[in-house]
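Residue numbers (my numbering), protein chains in the order written: chain A, 1 to 99; chain B, 1 to 99.
These aren't lab readings, by the way, just hints derived from the structure by calculation.
It cannot be assumed that every hint is accurate.
[As the list claims (entries may be wrong)] Computed cross-link-like contacts, EDC-like style, restricted to lysine to aspartate or glutamate with a CA-CA straight-line distance of at most 20 Å:
1. A:Lys73 / B:Asp28
2. A:Lys73 / A:Glu56
3. B:Lys96 / A:Glu56
4. A:Lys96 / A:Asp28
5. B:Lys36 / A:Asp6
6. B:Lys99 / A:Asp9
7. A:Lys86 / B:Asp28
8. A:Lys36 / B:Asp6
9. A:Lys96 / A:Asp6
10. B:Lys57 / B:Glu92
11. B:Lys86 / A:Asp28
12. A:Lys96 / B:Glu92
13. A:Lys99 / B:Glu13
14. B:Lys99 / A:Asp28
15. A:Lys99 / B:Asp28
16. B:Lys85 / A:Glu92
[Stated by the list, open to error] Residues from chain A shown here face chain B by an in silico Cβ test under 7 Å; the list is partial:
17. Phe5
18. Arg15
19. Glu92
20. Gln98
Just so it is clear, CB atoms sit at the ideal spot from N, CA and C, and this is done for glycine as well.
Protein chains: 2
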Amino acid sequence: MKNPFDNLDKVLEHRVRLQIMSVLVTNDGYEFSSLKEILGVTDGNLASHIKALEREKYISVSKSFVDRKPNTKYKITERGRNAFKKHLDALEAVVKQQK
Amino acid sequence: MKNPFDNLDKVLEHRVRLQIMSVLVTNDGYEFSSLKEILGVTDGNLASHIKALEREKYISVSKSFVDRKPNTKYKITERGRNAFKKHLDALEAVVKQQK
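Please construct the entire structure, taking both the sequences and the accompanying hints into account.
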């Protein structure tokens, strides 16, 4: 039987990244400021985790203008949705193994 | 309802540390070399995670001589056992929240 720990995704092994994915998986798109408010983290902290998720193509960024002001929105990608599901299943298997 | 993410333990938010705890919670004491073999990590990597768990008093170290050779064994502490259980419960709640 494969070791469930091996299926954990290194990129998602951080609470803030898990929370970002969990917000984006149930919402069509979220702005930086709304994410920051929900997660209660600093700009720098959120930006670094968003960059890591972007680099892995788990989330995508769309830039637009709203009332002539720049607006940045983050969305989960299909790749991100699958990775998040796989990581949750692995976490579930790790927990089951310990119980 | 409290956000299940808040109950995640920052110290245990790393796969290798979870694996160390999961080995020690079911075994009375483990040597460094055996842990390294089971986890398949480098000396330096394992040592840094063990230090973090020690600093948090989640594991304790006992040093002795076996056949006149120094022997270091790691054991889980009561505090570590409780923290590990709490973290697993929080992981379970996070997974349930997403399903």
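Between the alpha carbons of B:Lys99 and A:Asp9, is the straight-line distance 20 Å or under?
With a Cα-Cα distance of about 18 Å, the restraint between B:Lys99 and A:Asp9 holds, given a limit of 20 Å.
For the pair supplied as a hint, A:Lys96 and A:Asp28, confirm whether the alpha-carbon distance does not exceed 20 Å.
Not OK: A:Lys96 and A:Asp28 at ~31 Å, beyond 20 Å, violated.
For the restraint on A:Phe5, tell me whether the closest CB of chain B is nearer than 7 Å.
At 5 Å from the nearest chain B Cβ, A:Phe5 passes the 7 Å test, so the hint holds.
Checking one constraint from the list: CA of B:Lys36 to CA of A:Asp6, max 20 Å. Satisfied?
The hint holds at about 15 Å.
Given the hinted pair A:Lys96 and A:Asp6, is their Cα-Cα distance within 20 Å?
holds (15 Å)
A:Glu92 as chain B interface residue, shortest Cβ-Cβ below 7 Å
The hint holds - A:Glu92 has a Cβ within 7 Å of chain B, the shortest such distance being about 5 Å.
Has the given pair, A:Lys99 with B:Asp28, been kept, meaning a C-alpha gap of at most 20 Å?
holds (17 Å)
Can you confirm whether the C-alpha distance between B:Lys85 and A:Glu92 stays at or below 20 Å?
holds (14 Å)
Take a quick look at whether B:Lys99 and A:Asp28 sit within 20 Å of each other, Cα to Cα.
The given pair, whose Cα atoms are some 17 Å apart, holds under the 20 Å limit.
Are the Cα atoms of A:Lys73 and B:Asp28 separated by 20 Å or less?
Given pair A:Lys73, B:Asp28 is violated - Cα atoms ~50 Å apart, limit 20 Å.
Within a Cα-Cα threshold of 20 Å, do A:Lys73 and A:Glu56 meet the stated pairing?
holds (17 Å)
Keeping to a limit of 20 Å between CA atoms, is the pair of B:Lys86 and A:Asp28 held or broken?
Cα-Cα ~32 Å, so violated.
Checked against the numbered hints above, the structure violates hints 1, 3, 4, 7, 10 and 11; every other hint is satisfied.
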